[in-house]
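Trainee: As given, the protein sequences belong to chains G and S, one line each in that order.
For the first sequence, position 44 matches number 40 in my numbering, and the numbering has no gaps at all.
For the second sequence, position 149 matches number 129 in my numbering, and the numbering has no gaps at all.
Every clue listed holds true.
If you want the footprint, here are the derived chain S segments under chain G, 3+ residues with CB under 8 Å:
| hint | segment |
| --- | --- |
| 1 | 172 to 185 |
| 2 | 205 to 212 |
| 3 | 222 to 230 |
No lab work stands behind these hints: they were computed from the structure.
Quick reminder that beta carbons are idealized off the backbone N, C-alpha and C, glycines included.
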Amino acid sequence: MKESVEPKVLIFACDWCPGMGSDRAGQDRLSLPTWFRLIRVDCAAQVSGEWVIKALSEGIEGVMIMGCHLDACRHQEANHRAHKKLETLRWLLEGMGIAPERLCLSWGMGREALPFQGEIQRFAANMKLLRKEGKA
Amino acid sequence: MESAVEQTKILARELLESGRVAGILALVSEQGRIRPGFLQRTEEVNDLVLEPIYLLAPLARTIQTMDSQATVGIVARGCDERALVELAKAGQMDLERTVLIGLACDEEIAQRCGCRQPYPREIDVGTRINHTPAEGSSSAAGEKVDWTAELARCLKCYGCRNACPLCICPECKLAVPMWVQTGVVPPDPLSFHLIRAFHLVDKCVDCGSCEDACPAGLPLRKLHKHLLRMLEERLGYVPGMQVDRQSPLFPNLWCTPFLDSKIPRWMSTLGENGSGEMRGE
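Let the hints inform the model, and build the full structure from the sequences given.
Mentor: Right, here's the structure in full:
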């Protein structure tokens, strides 16, 4: 894995809540890390496990999936399913000896800029910690 | 008391004579070699053998797919039956058109396989052995494996996928260059093996076919054992053993919640510190 100063993080954000949250964070001029890449998807449930696996195998250090609040999905309970599906992927990472913290699932943030900032900063701290501990 | 093989032969003959089945799927010995066979005449039953362990469920699926009318008899061990149940849940098998000759594995096989349930639900031949793999034995879950070193031995022969009774996608993502780069051996350790295991999270019946088929001897089953343990601990589901229950990954979190966690509450957007509470864990 190529070492860079800042961790490489990929975020899949649902177009609705977290997408708005990220927009709002930008409008509010919150200080955000510069090293994450955010891909907006129609729904968190659209993110399949393969996407995450592929991202990790291509050298991304951490993947975040952001979706709407668990009881406020625009597609009925799609984010429940996304949560379960991706939670099993975390078990899998654990079984393979990869820190499951590399996959973060986060639900919420409809036009909420501060939580968005908080989540990203917390995840960044986790990634740095993993790097410091030298974990896979 | 006859041996298990003789008992199975008698049952197989009876079943064929009754005319309920088009044929019986079993292992047959032919000139000293053993192969799976579809026995359609009573004479053929004489060659029936029980060992080695070979999963017949995928063949039953093939036969049912080819012939939409045929009722298939099958000499089924515990793993066979679990695989058939999971295939039926996926709409790949018609259990109405399947007649099982339930075969319980003996102590030795159960030990060797490290099987948790070495018997089908209805046992016709053999006796039920309650076997729990001892903690720390080779078959127990949770043992640390150096996966980087292990997976470097992978030959990318697709044996694990081909042998798996539940790898049923007509188009396999492992063969698509977009997901797994082609022409590289060993394959990228993350993509190939993670995608394969991820697709089987809620389906794996712990039959051990993948590990048996692997020419490099990768301990693939250890990974699946870990997943199965997590699935049972967190969602209370064991694939293949709960016939009436669909995979818990499909219904919402209220119907099948994670057993050890609460459903996150709706977060007030005016709250001071929202990010801690709304995390879905």
